[in-house]
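Residue numbers (this note's numbering), protein chains in the order written: chain A, 62 to 583; chain B, 62 to 583; chain C, 62 to 583.
No wet-lab data here; the hints were simulated from the structure.
Since the structure is predicted, the reported quantities are computational estimates derived from the model, not experimental observations.
Ideal Cβ positions, reconstructed from N, Cα and C, are used throughout, including at glycine.
You may find that some hints are simply not true.
Covered stretches of chain B, as calculated for chain A (at least 3 residues, CB under 8 angstroms) [unchecked claim]:
1. 125-132
2. 136-146
3. 170-177
4. 188-196
5. 220-232
6. 364-375
Among the chain B residues that face chain C by a calculated CB cut under 8 angstroms, a handful are [unchecked claim]:
7. 160
8. 164
9. 317
10. 339
11. 497
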Amino acid sequence: MQPVVSGSQPHSGQVKEHHCLSVYSVTTMGNCSQGCKDYFSRQKNTNIRLTLPVVCFVWQIAMIILFGVFIRYNEESDTHWVETKAHANITSDIENDFYFRYPSFQDVHVMIFVGFGFLMTFLKRYSFGAVGFNFLIASFGLQWALLMQGWFHSLDPQTGKIFIGVESLINADFCVAGCLIAYGAVLGKVSPVQLLVMTLFGVTLFAVEEYIILNLLHARDAGGSMVIHTFGGYYGLAISRVLYRPNLHQSKRMQGSVYHSDTFAMIGTLFLWMFWPSFNSAITDHGDGQHRAVINTYLCLASTVLTTVAISSLSQKTGKLDMVHIQNSTLAGGVALGTAAEFMISPYGALIVGFFCGIISTMGYIFISPFLEKTLKIQDTCGIHNLHAMPGVIGGIVGAITAAAASESVYGKQGLINTFDFTGDFKDRTVLTQGGYQAAGMCVSIVFGVVGGAIVGSILKLPIWGDPADENCFDDEVYWELPDDEEEHQESIPPILEYNNHMIHKQQDLSESNFSVEHCES
Amino acid sequence: MQPVVSGSQPHSGQVKEHHCLSVYSVTTMGNCSQGCKDYFSRQKNTNIRLTLPVVCFVWQIAMIILFGVFIRYNEESDTHWVETKAHANITSDIENDFYFRYPSFQDVHVMIFVGFGFLMTFLKRYSFGAVGFNFLIASFGLQWALLMQGWFHSLDPQTGKIFIGVESLINADFCVAGCLIAYGAVLGKVSPVQLLVMTLFGVTLFAVEEYIILNLLHARDAGGSMVIHTFGGYYGLAISRVLYRPNLHQSKRMQGSVYHSDTFAMIGTLFLWMFWPSFNSAITDHGDGQHRAVINTYLCLASTVLTTVAISSLSQKTGKLDMVHIQNSTLAGGVALGTAAEFMISPYGALIVGFFCGIISTMGYIFISPFLEKTLKIQDTCGIHNLHAMPGVIGGIVGAITAAAASESVYGKQGLINTFDFTGDFKDRTVLTQGGYQAAGMCVSIVFGVVGGAIVGSILKLPIWGDPADENCFDDEVYWELPDDEEEHQESIPPILEYNNHMIHKQQDLSESNFSVEHCES
Amino acid sequence: MQPVVSGSQPHSGQVKEHHCLSVYSVTTMGNCSQGCKDYFSRQKNTNIRLTLPVVCFVWQIAMIILFGVFIRYNEESDTHWVETKAHANITSDIENDFYFRYPSFQDVHVMIFVGFGFLMTFLKRYSFGAVGFNFLIASFGLQWALLMQGWFHSLDPQTGKIFIGVESLINADFCVAGCLIAYGAVLGKVSPVQLLVMTLFGVTLFAVEEYIILNLLHARDAGGSMVIHTFGGYYGLAISRVLYRPNLHQSKRMQGSVYHSDTFAMIGTLFLWMFWPSFNSAITDHGDGQHRAVINTYLCLASTVLTTVAISSLSQKTGKLDMVHIQNSTLAGGVALGTAAEFMISPYGALIVGFFCGIISTMGYIFISPFLEKTLKIQDTCGIHNLHAMPGVIGGIVGAITAAAASESVYGKQGLINTFDFTGDFKDRTVLTQGGYQAAGMCVSIVFGVVGGAIVGSILKLPIWGDPADENCFDDEVYWELPDDEEEHQESIPPILEYNNHMIHKQQDLSESNFSVEHCES
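Isolated chain A, as found in the complex (with noise of 0.2 angstroms):
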């Protein structure tokens, strides 16, 4: 008799580092702690004590020294706006750019924190993953962006300084949104020590494809739908192949949600929800363009979620809802409205594009996932591909025909100037001519995500970076001081363990059956 009891404690099975109870006959008593050994030493070296701290330290001190170098305060922020302000005849302090832009630069602080960081809780055991990695490389990430977007966008000729201020700030956070992004195909299967690697160099290639689309070709995408989420996307697609594990399903036990981990997974869903206008309209022109792409966000987003809802209510025997899709799909539209959302695109346009983009991203998650997963081994936690790749793809589809099919009777001759800003170099390009630019611009944006990803995906497979053991994915187990949720569990079950146990000893008589509690710490 070879009873094995492990009681109620959850996980059993799984690999835990700090205690193993376990029910032995004595039979196998004695070989406890070297079974135990064996077990561990076969695992991944996932110990980051070193690493992660070097990393950390050393970045942030750079950090340091390269703002104190370029970064300084913008005119509307330094205490010489005073003069600056009776220089330029500016009669009120509300005429600061910090009145246009800060409520929508929360909103967008909020969502990359709170809503990208919740969004990805929904894993039964990796909410403190989630939530924790993701604050950690958004916090390096935007000082690493402030200084590459500065380089590359604002670098003062004269000075050598990089002068920030609202929008700087704005703009750092979509950076990191890419990043972001990218981290949500890679969701548990990573280390720490990765993901701030990959934010390095996600944040560095953003700032080229940024300074190319933007600059360069003189593309409008004031939202992000091909600069944060078409790259993003990408970015986090290619890695997450590169880094293609094929025995995954040995932590196939962690890759469930539970029924609060699902709800936590809410709280993000609704703030990325909510602040999307807010995202989308954060760093558009004063007045209209803000205005404007504000309504066409919110609308895009209300037709989002009725299609997600349908579709995914087919999708099941009895139409039941998939709270995967709720989580994600109902995102799509804001996602696709990123490049359009400052365009005449008008009402019905945008509920349009929501309409076909809750549709397209959850039938993505449905079919197209698990065809990347067996076919093109591509392993993708969060459905990136679905929520925003897809989606950013057909944004910069969206935004390149809303822009050649602009004309001057729907916007007025200074509004088209001013939507398109041809002015400067560009003052001669035609709407047609703009189309395609917003076509060319897409196209750089998924090279760069493909290739970039590529390239960082094989720095990462570099054996160095601790990431877990393909039967650890998914447990925060790995890279956080747990709290003990079993105690509670623990502290009735031994009773049950001893009575069991009692009872077997008086059944020795009868049985023969030896039956011990152990109790081996690692």
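Following the hints, put chains B and C in place on chain A, whose structure we already have.
Just chains B and C, lined up with the frame of chain A:
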């Protein structure tokens, strides 16, 4: 010996469609699949795989067509704004209404989706339905509201178009709030299709009563005590009355909360509470109007919290607090100040309103809700009578009295005109008359709520909407693919069962008992 | 044979007032009800059914009366604004202070109620108390703060009235923050009545020290490093010292977190972290002042995250991260930049402050907290010493140094005057003198915190406030009606017990053991 060991599986005895783990004595073994079938055939048909997608698709397509015909950007969100500005001699982009209202709009938006959504997650197994269906019906409702409110309030007679801007979005959110309030009364007892139908009619009724109250009667109701809360409350209560379920006690086991679901609900409570000043000030007059409405609401709500706690503590033997009261009654002050928030009710006046609302609303939960259920057969899941209907009526009365008592000495001549909009057709109206019309407005909202709710309730009673059976109410299982929270337990339970099983086999010689574990998968 | 089977009931061994499920051998059966009674008679009296309602009612009525006597709308929130505008030649409604400060106010409001509230939900069974009592005392505190701050700062000498506007609301929220910080030190160990008393005195002391620091010493402290965090921190620590509980280990089982409670706490952390730029900029100068404070705080906090992660990882054998550090120390940078945020500390300066604060605060959790508890007998539940007191002092020092080092070349002549408000009586003050007064301000805040806390602690030690017994600390059971989370388990456990019971009866013949299940309801 026929012991039934269901391990520590939660919800034993509950209808489970995809798997049932039961332990039968061998004599019932062969009948398992048959028994399962019989059991499920008794259920109501909650299959919404046809109706839900059809409703979502058809209605969304209708929205697109109607938006195409009617909805256009208003002048502040159109690219022609640059010309409008020049024309109207507006010197700065910041005088676009967007900058006056957008921060408040986003706060209201959070209240609608996170506030109402999470407030209703308190039930132990209806969090998905609470937050998910709230999301669905709000997304549909706001589109329909833009049309309905547009037709009644802002249809341009010359062009036949509705011109929308940020204030339209706020009003659409407000209109949706009325329907979400009604959802609170029927939470857990209706299908998503019923909710969509309820929202369709709710928004329609709302637009009509709003037109009568605000335009015809020219009552003031910036925060919607009457228009939103009184109407929404009675609309929901009337529907709930018509849909009365005498056997609702059959799902009694699902009607409570659990510790974490109550904590989730506090997220809803707090976001509603914190942003209520934005709700009541979102569409009030620029400048002092918004400023004053914020101060009044802020103070009123603070006062409500203290009296809610006091009454809640008084209601229990040892002074313990009840989460239901804290989650709901603390908000009653915001409801009751919806009408008067923009008036010169004075800070201490706001405190007094909050003081009494906390008391009345909490007592409502203690005394009136049970009475409503027993005597009037109104099953009010979230207690909207105490949170919206009653405080809404109080708000209407407070508004009427405050309006009637307004004086030029307090408001100033121009202030009085601005506050009550005594212009155009109403330029000769006195404050006393205004008070009367305010009271009339309240009656209109009650009548619309009760009569409208009774009619819509009758429609919802048709047996075609896929509503759940009495024993399946308050259970996400019916409309959602649920994660398998019990997996962890099951991983560990089989050994226990196996062990027990094992022991019993040992004992068979002693007792002739039969015992086996069966998994019957549907 | 006296096996004690308590099933998988959580909190076995814990005091349960309404039901106790225990299994005794038959020999102790008859004594059950007597044993229960004896057990409970040892408890402290935590009945607050009299005190809590009385305090709430009396204080709220006092607020109403005092508001009636003293509080009025200021000119920007009064209906006479239309005249004020004309008088002051203000052309647009948007120049109302409301539009400068309202978005920041709402962010601060979220920090107070969701930020502080949820940050403290980390304990496994004190989420209701954390978020609920936070709600209660903040709601009272902000009313009392409006009065106290009004009397000291803005009592109009002619009319004897206090005129309030949006800035008053922000200041009231700030004042409340000081008391909520103090709550962190005594979390789980005090009754709500004690908390209200603590808030009453805390707000009073706050208003006085704020008056001394800001008005008499004319120190600058826009984000409240000294006024809010240092004072609040030491106030709480001093109270905790006086209320020292030598036997607190008796509730050790309740002191940890569980997985989901830690996730809830991250909601608090993130909303505090994201909105801290609004906190530090909410009452700074219009225009560049607010703009700069936001940039500085944003950067400082980002830097803090990286060093917090680094030290947290270093502190564990395998580099694992500790949620306590991530939840708390990541915020230290915001605290430490409270004074200097509006100064020209420069972006890299902000990064440096954050760099060191992350290190110091995390080390505080690792080394100083245990030292404080063992040696100084300060039991600091949330570690406010590491999150508020220490970083607050650092912030005061940083502020003093930055002020002393300010120069006209960096600030500009007018910029220097604006930033340090060198006007009126202080128009001849030098930056060096200002630095000295800043340092003096910090000392004042420490003295007020320590001395005030010691006195208030003594008052709270009186045995009339209904505080919990040592073995019932950190348990919502004492002050809240808790939902019956265990119901599910109990539904399923009885069969096990029954089964075991059954088996034992079978075995009685073999072993003469006696066994029974008893429910003794109090």
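Hints, verified against the model:
Taking a C-beta to C-beta cut-off of 8 angstroms, the segment 125-132 of chain B contributes 5 residues in contact with chain A, enough for the three needed, and the coverage statement holds. With 9 residues having a Cβ less than 8 angstroms from any Cβ of chain A, the segment 136-146 of chain B passes the three-residue criterion, so the hint holds. Interface restraint, the segment 170-177 of chain B with chain A: holds (4 residues with C-beta to C-beta distance below 8 angstroms; minimum three). Interface restraint, the segment 188-196 of chain B with chain A: holds (5 residues with C-beta to C-beta distance below 8 angstroms; minimum three).
Three residues within the 8 angstroms Cβ limit are the bar, and the segment 220-232 of chain B against chain A gives 4, so the coverage statement holds. Only residues whose beta carbon comes within less than 8 angstroms of a beta carbon in chain A count, and the segment 364-375 of chain B has 0; fewer than three means the coverage is violated. Checking residue 160(B) against chain C by beta carbon gives a least distance of about 7 angstroms; that is within 8 angstroms, so the hint holds. Interface hint status for residue 164(B): upheld, as the beta-carbon distance to the closest one in chain C is roughly 4 angstroms, under 8 angstroms.
Given the 8 angstroms rule on beta carbons, the hint for residue 317(B) holds: about 5 angstroms separates it from the nearest Cβ of chain C. For the restraint placing residue 339(B) at the interface with chain C, the shortest Cβ-Cβ distance is roughly 7 angstroms, inside the 8 angstroms limit, so the hint holds. For residue 497(B), the shortest C-beta to C-beta distance to chain C is roughly 21 angstroms, which exceeds 8 angstroms, and the interface hint is violated.
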